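Participant: Per my numbering, the very first residue in the sequence shown carries number 35; after that it's consecutive.
Some hints here could point you the wrong way.
What the hints assert, rightly or not - Simulated restraints on C-beta separations:
hint, residue 1, residue 2, range
1, 188, 142, 31 to 39 Å
2, 238, 71, 20 to 28 Å
3, 65, 246, 18 to 26 Å
4, 177, 237, 18 to 26 Å
5, 249, 114, 17 to 25 Å
6, 141, 222, 27 to 35 Å
7, 283, 193, 18 to 26 Å
8, 67, 222, 17 to 25 Å
9, 287, 140, 50 to 58 Å
Derived by calculation from the structure, the hints in this document are not laboratory data. Small disclaimer: the values here were computed from a predicted structure and weren't measured. Where is the CB? At the ideal position from N, CA and C, for every residue including glycine.
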Amino acid sequence: MATYGFGGTLGPSAVAAISTWTSPSSAFYLLAVGTVFAAFFIMRLPVLPVTHSGKPAEVAGAIATVGMMIRHTPLRRTLYLTMAVAFAVSVLPIVAVSMADNLGVPAATAAFLTVAYGAGNLAGSVCLMVIPLRGEPDRLMLNIGGLIVAGLLSMLVVNSFMPVFLCFFITGMLNAAFFAATLAARSEFSPPSCRGQVFVWVGAMKITAGSLGTAAAGQLMAQGSYAPVMLSLCTLSTILVISLLARLWSSIKYHR
């Protein structure tokens, strides 16, 4: 959790700084070298888990893992909630600079909103190291997802820089908490035989959803600075309502 928070916060900051000092190409090459460097250490990790007998344990294939995730209600809910939140928050770096005119500040000052979001994510990660989340992961994801909706909505309500700065920071902290809740859900609901594959698949779909959110934000910028945030609100709110209704329906069926 800590390394994820540091990477997600310091990585974009380092790229922005290097792009300013030298050129965007230099930042691109640095990312490429960093990926190769990380891959070298990843290749040193064990390929297969080993049982107590010393033999490699059987690992479920990709098709079997995806099929299990679709059939398993809590894992399925974990997947689409993770994707919805990733889609929703990925628009924030795009809209931050475009809010300059609405907030009456220079574009360079509005860029600090992205810093606020990243700092909030990092601060949330540190807080979770000291005070871990407690409770059922499924409920935590729904509750924190609702708070993220409130954070996004507050950005549309306030109209001065410092309150918006605070909204970005708090939303970053909430995103860190949501990520911790999804990790707990993946760990608790995944069968031991394919737990690693579930982590990888949910992470891959999260990245895909975040990329889609960024692309959608870029397309909607022509409609106004707040159009991407409104899209995020509608998308995440819809998924949360569907998840809540599905959870309630499962509870009703269980108690019959």
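Participant: Against this structure, judge whether each hint is valid.
Facilitator: Now the hints, each set against the structure:
1. Taken as a hint, the range 31 to 39 Å is violated for the pair residue 188 and residue 142, whose Cβ atoms sit roughly 24 Å apart.
2. Take residue 238 and residue 71: their Cβ atoms lie about 21 Å apart, and the range 20 to 28 Å holds.
3. Between residue 65 and residue 246 the CB atoms are about 21 Å apart, so this pair conforms to the stated range of 18 to 26 Å.
4. The hinted range of 18 to 26 Å is satisfied by residue 177 and residue 237, whose Cβ atoms lie roughly 22 Å apart.
5. For the pair residue 249 and residue 114, the beta carbons lie near 19 Å from each other, so the given range of 17 to 25 Å is met.
6. Under the hint 27 to 35 Å, the C-beta atoms of residue 141 and residue 222, about 44 Å apart, miss the expected range.
7. The hinted range of 18 to 26 Å is not satisfied by residue 283 and residue 193, whose Cβ atoms lie roughly 40 Å apart.
8. One distance hint, 17 to 25 Å for the beta-carbon pair residue 67 and residue 222, is violated here, with the actual separation near 37 Å.
9. Hint check: residue 287 to residue 140, Cβ distance near 56 Å, so the stated range 50 to 58 Å holds.
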